[in-house]
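Sequence order for the protein chains is A and B.
This note's numbering applies: residue 1 is where the first sequence begins, and numbers increase by one.
This note's numbering applies: residue 1 is where the second sequence begins, and numbers increase by one.
No lab work stands behind these hints, which were simulated from the structure alone.
Bear in mind that the values here come from a model prediction, so they are computed numbers and not experimental data.
Each hint should be verified, as a subset may be incorrect.
To be verified - Chain A residues, not near chain B, derived (Cβ > 10 Å throughout):
#	residue
1	P35
2	R36
3	V38
4	R53
5	L54
6	L56
7	D94
8	G95
9	L104
10	Q112
What the hints assert, rightly or not - Derived lysine-lysine pairs resembling BS3-like cross-links, with alpha carbons at most 25 Å apart:
#	chain 1	residue 1	chain 2	residue 2
11	B	K705	B	K581
12	A	K168	B	K581
13	B	K9	B	K537
14	B	K581	B	K464
15	B	K505	B	K537
16	A	K168	B	K647
Cβ coordinates follow ideal geometry from the N, Cα and C atoms, glycine included.
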Amino acid sequence: MSVSRRDFLKSAGVTSLATAVTTVAAPEAGAQTGPRVVGPGDVPVVLTVNGKRLELTIEPRVTLLDALRTRADLTGNKRVCDRGACGACTMIVDGRTVYSCSTLAIEVQGKQIRTVDGLAAGGALHPVQQAFCDVDALMCGFCTPGFVVATVAVLEKHPNATREQITKGLDGNICRCGTFVRVMEAALRARNPPPQSAIRNPQSAMELSRA
Amino acid sequence: MPKYSWPDKPALLSTPVKRLDGPEKVMGRARYSYDISRPGLIYGRIVRSPYPHARIVSVDLSAAQKAPGVKAALAWKEPGTQVMYQGDPVAAVAADTEERARDAARLVRVRYEPLPHLANVEQAMADTAPAVFPGGNTRQGTQDETGNLPDGFAKAAHIVDATYSTHVITHVCLETHGCVCEWDGDKLTAWISTQAVIQSAQQFAQALGIPQGNVHCITQYMGGGFGSKFGPDAQGIICAKLAKAANAPVKLMLDRKEEHLDTGNRPSATAHIRAGVAADGTLTAFDAQSWGTGGAGAGSGFPLPYIYNFPNRKRVHRDVYINAGQQRAMRAPGHPQGCFLTEILMDELADQVKMDPVAFRIKNLPAAGPNAMWAQYFADGAKRFGWDKRHATGDPTRGPIKTGMGVSAHRWGGAGRGSRAHADIMSDGTVVVKCGTQDIGTGTRTIVAVVAAETFGLPVSAVKVEIGDSTLPFSGGSGGSTTAASVTPAIRVTCTDALAALFAKVAPTLGAAADDLAAEGGRIHVKGNASKSVAWKDACKLIGTEPIAVDGQWQDGLSGAGTSGVQFAEATVDIETGIVKVSRILAMQDCGLIVDKLTAESQAYGGVIAAINFALFEDRILDRVTGQMVNPNMEWYLLAGMSDVPKIDIVLNNMPERGVIGIGEPPTVSTASAIANAVRNATGATIRSLPLHPHKVLAALDQQKAGGTN
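Chain B extracted, bound-state conformation:
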């Protein structure tokens, strides 16, 4: 048996454990960066470009500097430089109240020389497009080719040739990006809303030219990141500079419009695909030209084709630049796009060979494995969902409300990586576990406590968890669903070693070798002899004045990589209004060893609901003439409310033998594709682009009436 392993019969692991910081959050006592108050706190405000593309002629701060309450003002962009998107930061001010900071920001006089801009992909790819980006408006991306494409098409009995696309959405973190910065001489403390507290300290130090040891970042609570919060960004550096200039702590939290414009987005994806299928339902060929935009100078990659075996395939991708805020990682970056583009095609191909979509998918899956459980999930899920009640494409019932079912599969990585931890056991029985990770709402604080409590045989309440601070032992940023798989092994290793040190102290008292001791139910006992035991508190009295203090780090063997999932959706479509309503979702998902069943399930619910937004509601709309965002708010940038949430059935497949694997991202990949396929099944009309807004549904129905698109 390896020195470090997960217990065979856990007391806490994989059970529902309530979120450790739930009470603080529901009482409003959890202090987010947005809530931090410091003596003498003043407020920062950024002046941003209203133009999607312009040259800065001059920045005049003089009027702003004279405005009431203003303590500092700075130019962020130099004259002669360019702004590349609406919302590009240009200057900033700080004043004693937020209202006065806003007033002063309006007094900053920036002269712009507007330049030609590209408001969408079509404009950027047009032959007549102005050359906006150095090196061209598009850039060659991924190119791969496998097998023999002409052979593949020769074997095809049917070919589908169509264009599929997904749109740009923004992260809409409820707590906007920002921080509070306070200087003490040349030392900076930043309370920052981030997914990477240690990496933020590194980036502050680098940008400000101060030693990393002089920066202290704190993130006890943060209000959502979804891939967009991995550092101070411009607003963090501006905040630090304003605080330095004003010699006062500065709070600079972005407003909702800035959040939409300048804190990332999910890139668009489009692919013109030609795909072939043999008469027996075997996929034979896939030929795609794809493109997408990640905004001003950022890439737009995504996997294509997704999951299924196309033995002969070719894919050529181009990144397209437009004058809009740059993309950032967003919940399973690339996968929702690649999944949608492939999965709609899959249903069209299945119809060509008149196969059931589930059977068709199972026939074309890659080899099964512990990280590739699709065949099982398709079969089990179909049974659980009532797939046998699905009608063929096009609901034959009379009336305007049509119902349909759809299905989709996905995968994700979620592997662990280097993370350190520290554990203290004090002589009064106190246990403190420290790790420089952060809880972005996924429950990291809670799973640290669960793993420590499991290891020490204590209740969760007996463990004091310290996270969210850059002075703690190193851990990575919370991205790629890597946190659980990185942090929990580090905690397990560290606490196992700390417990061994305690056993060494207790062994003489119990008259047994340290190796023969076990910790369970708040006691330390001799293995196989529960009567020879001592209570945790009494055991700790033997520690003496110097506490047990152990450092440890992530080791291989306690975490895994690779998850798979399948989702089923049922939707109704009103063919008179084009309105789609999702009625049911079933999510079959694995994530290795489940640490906390409650918080793991919450992540799966959250992923599904996020993807309902992607499928039906949210859409970053840029005006095609001005290049400005039309809906940089939360009333026209639509997100689901309680009425829009369907019945969601989450089935988590606990696989302890695989170790811990992250679950933050995978459940959000498939939902939109499954919904779109349900809409297709309901109406018989194929909508090949997201979002499934009513006008698109109606247009697809009209097209279908006019003779169909296949």
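So that you can see chain A by itself, here it is in the shape it has in the complex:
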């Protein structure tokens, strides 16, 4: 299914913009060729999220972020600026990072969508997540899911990423608590995760029974 920007904009009520977009984006509604008109109103949308099929019935104007957060209870990625400026909503779609707050859910059907919720395999932290915990690369944690996903994406693209490559990869993310120094440390560390953490880990600390 493909959807024209015009239909989205019309359903969102942004008519002044829609007029400007019409000429380049879509033929007149009712024409025999071109994108099929969907909406306004709920339409079926099928997404593939963290390897699982997700069937939703949503308005075409719903963003990928809102679709997952409010219709699928996948609340790991956060809504912060809602305008593609801060990166808290960063997801990986077909291998590329996207701002899911500025991506329509209906536009990413048939694509592989990865969110922070799907990174830990069977409860074991992804090496990037482990590194964030090891060096305290988080505080309030609200930007953290976006940073984690962006870091995963950088390291998948550049397994031996340089400091400069990591900086470039994470420059679309904003943290208000000020965790950047340790986010960089975590990203560098996650390239070659150490086998045993040198820092006390509440999860792997000595067990009571062994005490």
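With chain A's structure known, arrange chain B on it following the hints.
Showing chain B alone in chain A's frame:
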């Protein structure tokens, strides 16, 4: 030895302990208020004034009430009342989806009668200003005078006379303000993003006219507050009322624009200062008229002069009201402003007497003390930073890129206060520690576990921590860097008493007096005889069916007050573009007994980075004609990204003898001043106002070329 004290040789305290809830946060499993879902949840949306000042003529909800999916609508402001700033709440709706709630909010028809407004301090202070605020557009603030000002100026060999200022910034909490409200009859549950979970319950009860016992507030995780989240505010009360009217749980989280407009800001500060220095570098006199705006009817106080000894001084302050959202406490309220105004002046005075800025500051410090370690930090920091490589004002090297160094000092309180706690030790060895505090990202959950684990001789993982719930034992709001100093003594006292109760049960088995037992490494043993011991789990089997349950509270002697810090900055300035880049920061800081080295350091990093934003990037810009905020978003309200973050060196001075003192705020005070002084050192031009945006740097350079400003 007092009954309650910190251990001489701690196993966990002051070591790096990983954040207890790190895994939940990095996996996206931590449920913030924004993430709460309830059966039948609907969404609230507030209608806000587009005008900075207007009278409400009428509020018509009828069209909104008929819109698809709408379950409730209410008027918040009555006809005849006034809105005092852009974003002042007027009405609200709730609908089954967020998108429909937004649609319905647009259908609320509010008729406004626009009134004259004041968009900035200059307009408010003008003789021709319209009388917007009852009682006047300005209000007399602090006035103090010490010594003899004419004498002070008579002793001065040099006088600096200039105006300094800082700008308004907003908190930009990444999780916006808001909550989920759900009623069960006349009982309210609110999942609220707050720095004060118990106080929020109190405020809900008061505003809604229900008993406090009927309100349950929950804040397991919250996405930043920085001083702006101490209660439900209008949006919380509106959310509760919508939920009542719709008979359904309502989520009402503000959007980014609302967050900028109506959830607080750091007030501006300006001071016209005349200051004198004797030929030998002794400060002699300080005379300041200061003012600032905290928005519509809110104050703008700040300390001035900051830290240094001006034996003869006078300061007169005025609060200026403008039609903008009210200020709220923001990370060390008042101090970054007072620090900047004073510290730039200090470098100008040092140049007058041709003294090194570090030596000049040391010469004019107040008396040293455990909470006033500046002299040591200046000296140690200068050595560590390579201050001896600093050139005199104005980088003499050729080319457009100039480098400079600057320095600044700060102080903060961070004292503890009443807080209660409860500890359970179960017969299977389980330990549960409860306290009605909240973790605002500073690591409170983790330090509760660290203190309990330290006391019981257990690993951190063996302690179950319950916080962030208004039904737990009383604790205060997380403001003023008071949380660590309030909570950790309560936990220490409570766990010490709980352990004593366990010792009493175990003593007969070990054939020793309870007083002669110690808990270490997961075992309870006889002091001085480690072979006579029992594992924690086996010891707890002796408890029986009724668990050890102990209440305790904060006591004096485990926490302290007063911190000091000094920061050094190195910055480069491109004198062709005016762009400033910070290359290095050194932060020398104390916070008493460090509880968790890892999370304490994170707070210091965070404070420094927040202040880089204050110095170089963020700025709330109000249109001078319309009074509307020009940049209520995150693309034009600039914040640092990874590329903007310099090398930051944190040196925490662990002072166990002082007890626990908060560190959330102090590290953010000095950075901007140190950066501004580094820019001055680099370029030779003095920029006396923040932020250090390129156009201001270029203007200062032009002014300098035209003959300087001194």
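Verification of the supplied hints:
1. P35: holds, 21 Å
2. R36: holds, 21 Å
3. V38: Answer for A/V38: holds, closest chain B Cβ roughly 15 Å.
4. R53: At roughly 20 Å from the nearest Cβ of chain B, A/R53 sits farther out than 10 Å, so the non-interface label holds.
5. L54: holds, 16 Å
6. L56: Since the minimum Cβ distance to chain B is about 12 Å, A/L56 lies beyond 10 Å and the statement holds.
7. D94: holds, 20 Å
8. G95: holds, 20 Å
9. L104: holds, 12 Å
10. Q112: holds, 18 Å
11. B/K705 <-> B/K581: Measuring from Cα to Cα gives roughly 22 Å; hence the hint holds.
12. A/K168 <-> B/K581: holds, 17 Å
13. B/K9 <-> B/K537: holds, 24 Å
14. B/K581 <-> B/K464: violated, 45 Å
15. B/K505 <-> B/K537: holds, 13 Å
16. A/K168 <-> B/K647: OK: A/K168 and B/K647 at ~17 Å, within 25 Å.
In this structure, the one hint that does not hold is number 14.
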